[in-house]
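Visitor: Chains as they are written, first to last, in numbering that gives the first Met the number 0: chain B, 0 to 340; chain Y, 0 to 340; chain A, 0 to 340; chain C, 0 to 340.
Among the clues, some could well be false.
[Claimed, not checked] Lysine-lysine pairs mimicking DSSO-like chemistry, simulated, CA-CA at most 27 Å apart: (1) 265(C) x 171(B); (2) 115(C) x 204(B); (3) 189(C) x 188(A); (4) 171(Y) x 90(Y); (5) 204(B) x 163(C); (6) 189(B) x 171(Y); (7) 188(B) x 188(Y); (8) 189(A) x 163(C); (9) 189(C) x 189(A); (10) 265(Y) x 189(B); (11) 90(A) x 115(A); (12) 115(B) x 188(B); (13) 188(C) x 115(C); (14) 163(B) x 265(B); (15) 171(A) x 90(A); (16) 163(A) x 204(Y); (17) 265(Y) x 204(B); (18) 68(B) x 115(B); (19) 115(C) x 189(C); (20) 90(A) x 163(A); (21) 163(Y) x 188(B); (22) 189(Y) x 188(B); (23) 90(B) x 68(B); (24) 115(Y) x 189(Y); (25) 188(A) x 188(C); (26) 189(B) x 90(Y); (27) 265(B) x 189(C); (28) 204(Y) x 188(A); (29) 115(A) x 189(A); (30) 90(Y) x 115(Y); (31) 188(B) x 163(B); (32) 115(A) x 204(Y); (33) 68(A) x 171(Y); (34) 90(Y) x 163(Y); (35) 68(C) x 171(C); (36) 204(B) x 189(Y); (37) 68(Y) x 115(Y); (38) 90(B) x 171(B).
The hints are simulated quantities; they were obtained by calculation from the structure and are not laboratory data.
Chain by chain, the residues run as shown.
There are 4 protein chains.
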Amino acid sequence: MTRAAIVGATGYSGAELCALLARHHHVEIVSLFSSGGKDARAVRFARLHPLLGGSTGPDAEPFSLERLKATRPDVVFLATPNETSAELAPKILESGAKVIDISGAFRLREAAAYPKWYGFEHPAPWLLAEAVYGLTEWCGGELSGARLVANPGCYSTSILLALKPVLPLLAKGQAVICDSVSGVSGAGKKSDVAYSFSEVEGNFKAYGVGVHRHEPEMRQDLGLSADAPFVFVPHLLPTVRGILSTLHVSFAQPQTPNVLAAAYEKPYAATPFVRVRAAGELPELRDVVGTPRAEIGFALLPGGRRGVLVSVIDNLLKGAASSAVQNMNRVFGHPETEGLA
Amino acid sequence: MTRAAIVGATGYSGAELCALLARHHHVEIVSLFSSGGKDARAVRFARLHPLLGGSTGPDAEPFSLERLKATRPDVVFLATPNETSAELAPKILESGAKVIDISGAFRLREAAAYPKWYGFEHPAPWLLAEAVYGLTEWCGGELSGARLVANPGCYSTSILLALKPVLPLLAKGQAVICDSVSGVSGAGKKSDVAYSFSEVEGNFKAYGVGVHRHEPEMRQDLGLSADAPFVFVPHLLPTVRGILSTLHVSFAQPQTPNVLAAAYEKPYAATPFVRVRAAGELPELRDVVGTPRAEIGFALLPGGRRGVLVSVIDNLLKGAASSAVQNMNRVFGHPETEGLA
Amino acid sequence: MTRAAIVGATGYSGAELCALLARHHHVEIVSLFSSGGKDARAVRFARLHPLLGGSTGPDAEPFSLERLKATRPDVVFLATPNETSAELAPKILESGAKVIDISGAFRLREAAAYPKWYGFEHPAPWLLAEAVYGLTEWCGGELSGARLVANPGCYSTSILLALKPVLPLLAKGQAVICDSVSGVSGAGKKSDVAYSFSEVEGNFKAYGVGVHRHEPEMRQDLGLSADAPFVFVPHLLPTVRGILSTLHVSFAQPQTPNVLAAAYEKPYAATPFVRVRAAGELPELRDVVGTPRAEIGFALLPGGRRGVLVSVIDNLLKGAASSAVQNMNRVFGHPETEGLA
Amino acid sequence: MTRAAIVGATGYSGAELCALLARHHHVEIVSLFSSGGKDARAVRFARLHPLLGGSTGPDAEPFSLERLKATRPDVVFLATPNETSAELAPKILESGAKVIDISGAFRLREAAAYPKWYGFEHPAPWLLAEAVYGLTEWCGGELSGARLVANPGCYSTSILLALKPVLPLLAKGQAVICDSVSGVSGAGKKSDVAYSFSEVEGNFKAYGVGVHRHEPEMRQDLGLSADAPFVFVPHLLPTVRGILSTLHVSFAQPQTPNVLAAAYEKPYAATPFVRVRAAGELPELRDVVGTPRAEIGFALLPGGRRGVLVSVIDNLLKGAASSAVQNMNRVFGHPETEGLA
C-alpha cells in the first residue's frame, strides 16, 4: 500500500483527488490538509466530496508540516497555490516522501521564468531540472521512481495531447492557433466577484491573451522559442467543469484522414485514457466531464493543407486529479488505470 | 425635471436604477455613487449597465456626502447595505432631499426589531414611523409627497402581492406556507465563495428557515403576530434574476375560480404592473424577467378548500429598482408608468 | 452472476443503469435495447454513458422481444414509457425473467386508477397486486425473490423517505405540503420545445398542480385517502439532475430536535443510502448529485409545532437507476451496496 | 408611419422584432404571423415577448398571404426558414411591399450556391442581384429605398464587423482564423433533442466545420475565393443569447495599437451601434446581451505581426432583429437609432 497525503484537499482538485484515492486499491490516505489561509478549518472526510458521502477517512486539517510528516506519507499531492507548492516541495522531499504537484511551481525548467510568469523568485531552483513534466502519455520511463512530478496545466494537457502527434507534419513557420475554453472550476474555489454566479452565468469571455501561465510550459514542451508563432487564447465558459481546445494547424503537405489517424494511433493506441475519434467526428465537453479521459478529434479542410483539432478533458480530472493519480501509479509501479477505471 | 442621485449605483439594483432613470423623461440624473468600501472606485456611466453602452451621464464616484449634496438632488435612491442606509437617510433628509431606500433599514416600524433581525441598533428610530412601506399597489395616497420610502424586500413583494387580495378569504388559524426561490443577484454583487459560479451552478438549496429578514416585514404588513402560522422558506435558484413564490393557503369556505378572480380583480384591475392570470394558468419566471411587472396565478385544489398561488417578479426590477422608480413617480406626481413602460 | 438486460438503455435513466451494472461484480449485461420508436437505432456501448467511454459491452439495439429472450436474462430493467412497460412486463415474466420497472406502470394497486392518471387501460391488471413498490428502505423482506418490482417515482422517493419516519408524529387532519423541484432530465430525453435549452435556461415554473402522476402513488403508500390534505407541487428547475423537496408539516405535539432525530434514526440508522443530517442542517442538491444517496434534513419552527423537512436525491440515481440496482441486489440476494458504493 | 408586418413572429428573432417595433415611433404593426407548420396557432400579442406583457397589438396568426396583403404593409419582415423566405419574398414584393429578410435566402449572389449550401434550388434567382446585403455600417447609400434587404447571418455580422476595418492591413495569403461561439437561441425555437436543456447544459462543442452556411456569405462579402485560407469554426455555447468571435490575423507589417485603433475609428466613429474598445481591452458577451450594439476589441501579440480580434453581439438583436430594424430605418429614412436606443 502507498501511503498518500494531500495538501489542498478542500479545493476542487484536491477534493477530486480524495474521491479518487479513496477507491484506489493500493493507496491508503494517511492525512489531508487544507492549504491554510482563510480556508483553514477542519472539514470532515465525508463532506469533502459528494462521492465520499457515507465513507470514513481522515478529516482535512489546517496545514501543518509536522502533522504531515507524522503521518509518514510515501507521496504527498500538492493541490496548493504555485508559491505554496514551491516552498513546500523541498521540505517534503527532504522528509523522504515523493511529491506530485498540481500547481505550476515546477513546470518550467528556467528559474528565471518564474518572476515573469508567476510573480515570484523560485525558492528551490535546483529542483526544476529534476521535476518530471507529467504529461503521462508522453513520459516514457521517466516517471518510474521519480521523486518530484510537475503535473501539466489543464489547458496544456488538452492542447499538447492533441498537438504533439501531428507536430512532425506541420508546416514550418506557420502559426498554430489554440482557442481554448474552460469551466469556472479551473479558477479554483475563490471569493472573487469575477467568478460569482451573477457575473459568469450567461457570459463568455477571452482573457489572458499573451500572458497566460500555461503558454510558456507549452512552448517548452513543444520545443518552440518565445517568438515562434504559437497563439493561445483561453476563454471562460459558463460551466463548472471541462476544457475544450480548438486548434488550427497548417500541414507541410496536403494530408489525408488516414495519415492523421495513423499519426494519432501511434502514441495513443495502447493508452487507457486518450481516445481518438474517427476523422471528422469531433468530441464534445460532456463526452469526458466526470471521466479521466481525453478525447481528440480532427477535421481536414478542403485541400488537406489545414486541419482543425478538437480536444476535450475534464479540467479537474485529466487536467489535474486523475492525471496526478495516473502519474502516481507510474511512479510507484501500480497499474496505470488503478483508481481511475 | 426631478433631480435624482443614486448611492450604490455600481451594485446590481443600483445599475438597474441607472438604466431606468436614464430613459425617464422627467428625471435628470445628477450624481451617482458606489457605496464605498472595497467597491470604491469610479466607474464610467456607459459601463454601469449594458443598456447604457453608448450613452453619457455622470460617472459613479466613491461616495461622498458633500459631493452628493453639492449636486442638489430632489431625491436620493439608496441601493446600499442596511446599516449604510440607516445612517445616510437622516443626513440626506436633513439636506432637503427625499429618500427612496431599497434596503431594509426603514421597513420595520419597531426599532427594537433591528438588533434581532438586522444585527444593529437603529441610528434613526424616529424615522421608522414616517417611512412609507412602498408596496406601491397597496399604498393609496401615502406616497404622494412622502419624504422617506422604504421599498419592500424582493421576496416580500412577490408574496404580499399574491397574498393580500385573498387574505379576507383565508381560514383563521390555518398556516400560510410560502416557498420562494430567488436568482443569485438577490444576494448582491459579492466576493463570497457561497455565491461563486462553481458552488451555485447545478445546485439548489433552502436557506434561512425562520430567520430571513423579509419575514418580519411581511408579518407586519399582513398584521400577523410573531406566532401566527406563517411559514416562509427562501431557496437559492441557479439563475441570475427572478423570484417565484409558491404559496399554499386554506380558505374558510370552499372557493370557486370566479370568486378568486374577483378578489384579484379588485385591487389590480387598474394597476399597470400587476397582471393576474386566468384561473389555473400559472406564470413562469421568464414571463417577467427583464420587466417591471409582477404576474400572479392561482389554482384551486379539488374541493375548493385549498389554493396554490404562484407569483413571479424580476427581483432587481419589481423587487427593487422598477418598484423604486414607480414609488418615485408617485411621490413626485409623475405618471406611474414613466420610465418603465 | 446475474444476467441482466435493459430496455430503454439509450434514455437518461437507462444509460445510468448501464454505467452502474457495468461495474457490478455479480452482474453480466447480456443485452441492451432502446425503447424503439424514433429512438430506434443501434448505439455503441461505449457511447451510452461518458463513464463507459473506453469499455466494451453489448451495443444497444432497437427493441425486439425475441432478441431479448434469446439473451436469456435473469432480470430485465424496464426504463421505458409507462404504457410500454405495462405491455412488456407480462411477456417478460412469462419467459421466466424477473422485471424491475422504472416507469409508473405497476405502482398503483387499483387498475381503475390507470385511465385517470396515466391515460390508458392497464393491460395486465392481475400483476398490480403482485408488484412490490420498491421504496427499498421501507420494503422489509418483500423484495427478496420478488418477480416484479415497481420502482417508485423520483419525486415520490424524495418525499416519502423524508415523510414516513415522522408520519406518526403529525397532527391529524392538518395538511402536508410538498414543494418539490426537479432537474430537466426527469422529463426524459425528448424532442420537445418545452424542454429546450432556450426555454428552460434562466426559467423556473410550477406545473402539474393536482394532476401529477406521482401524487396517487404517494397517497397510496402513505395510506391517505384522495381527499386527505396532501398537497404536492412539482417545479421545473434549470439544472440537468437532482430533486429537492421542501415539506411542511404540523406536529400533534410540540416537538424537539431530539425526538425528530430519533424518529429518523430508527428506520435509517443501518441503511447505506439514506443519510439524515443533524437538526437544522439542510442538505443541498449538490450534496447528492452523482451519488446513490438520499439526504434528509429538518428544522423546527419556533414553538415546535411546525417543521420543515428537506430531502435531496439525484433523480436519475436514487430516483431511478441506483434505486433499481439496490432493489435488484435485494431481489437476488447480492450485497445491497454492490455496484453502488 | 411605416406599416410593418412580421412573418415568423412567434420565433425568437420574430419576437424580438415585435418588441422593438412596438416601441418604434414611426412604425405601426399591422399584422403578425407565425411561420405556419406545427407552430400554426394564434398567439396573443401580449404573450409574444415578456416586454409586451401589458400591451396591445395584433395577435400572431397562422400565416396567410391573403391576410398579410389585406393588412397593406409597407414592409414585411421575414423571420422564416430559408426556403420559406425564398418563396414568400417575390410574392410580397409583387404586392408592392418591401421585404427585410432575416434568413439566408437572399444573401448569396450566385443562385448556383443554394443547392450546395442551403439544399434547395433558389425559386427566385432574379432577386439575388437586387438584394442588398444589409451589414448596415458598411452599406453606404444602397439601403435607402431598397426593396429587398438580406440581413446578414448572426455569425457573419460579428466576424465581418471586426475584420473588415483591418483587412487592408493583413498579410496576403495568410490564414484568417475565426472561432465563434453562439448561444442556443441561434438555432431557433425547435423541438430537437440536440438543443434540449439536458443535452446542452454543461456542454460545449464545435460543429459544422467547413460546412456552415455563414461561411460563403462571409467569403463573398470579403471578396475571398473559395480556396483562400479563411477558417470559420462555430461552437455551441450553453447560454441562450450572444455571439463572441475570436479572430486571429497576421499583419503584412508589424502594427501598433494606434494604427489599429485608427483603422477601426474610420468606419465606426460615427455609427451608433458599433463600439470599439481601447487597445487590449476585450469585450465580453454580457456587455452586449440585450442591446443592439456590437462591441469590438483587439490585442496585438508581441512583435506586432499577429493580432487577436474579439467581437460580441446579441445574436437575436444585432445578429437579427435590431439589425433588421436598423436597416428598415435606413430604407425608409427614419433616424437610424429609432426604436433601438
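Visitor: Does each hint hold? Answer for all of them.
Guide: Hints and how they fare:
no. : hint            : verdict
1   : 265(C) x 171(B) : violated (36 Å)
2   : 115(C) x 204(B) : violated (34 Å)
3   : 189(C) x 188(A) : holds (14 Å)
4   : 171(Y) x 90(Y)  : violated (44 Å)
5   : 204(B) x 163(C) : holds (22 Å)
6   : 189(B) x 171(Y) : violated (48 Å)
7   : 188(B) x 188(Y) : holds (17 Å)
8   : 189(A) x 163(C) : violated (42 Å)
9   : 189(C) x 189(A) : holds (12 Å)
10  : 265(Y) x 189(B) : violated (50 Å)
11  : 90(A) x 115(A)  : holds (25 Å)
12  : 115(B) x 188(B) : holds (25 Å)
13  : 188(C) x 115(C) : holds (25 Å)
14  : 163(B) x 265(B) : holds (11 Å)
15  : 171(A) x 90(A)  : violated (44 Å)
16  : 163(A) x 204(Y) : holds (22 Å)
17  : 265(Y) x 204(B) : violated (49 Å)
18  : 68(B) x 115(B)  : violated (33 Å)
19  : 115(C) x 189(C) : holds (23 Å)
20  : 90(A) x 163(A)  : violated (34 Å)
21  : 163(Y) x 188(B) : violated (43 Å)
22  : 189(Y) x 188(B) : holds (14 Å)
23  : 90(B) x 68(B)   : holds (10 Å)
24  : 115(Y) x 189(Y) : holds (24 Å)
25  : 188(A) x 188(C) : holds (17 Å)
26  : 189(B) x 90(Y)  : violated (37 Å)
27  : 265(B) x 189(C) : violated (42 Å)
28  : 204(Y) x 188(A) : holds (25 Å)
29  : 115(A) x 189(A) : holds (24 Å)
30  : 90(Y) x 115(Y)  : holds (25 Å)
31  : 188(B) x 163(B) : violated (31 Å)
32  : 115(A) x 204(Y) : violated (34 Å)
33  : 68(A) x 171(Y)  : violated (62 Å)
34  : 90(Y) x 163(Y)  : violated (34 Å)
35  : 68(C) x 171(C)  : violated (50 Å)
36  : 204(B) x 189(Y) : holds (20 Å)
37  : 68(Y) x 115(Y)  : violated (33 Å)
38  : 90(B) x 171(B)  : violated (44 Å)
Consistency with the previously given hints fails for numbers 1, 2, 4, 6, 8, 10, 15, 17, 18, 20, 21, 26, 27, 31, 32, 33, 34, 35, 37 and 38, ordered from lowest to highest.
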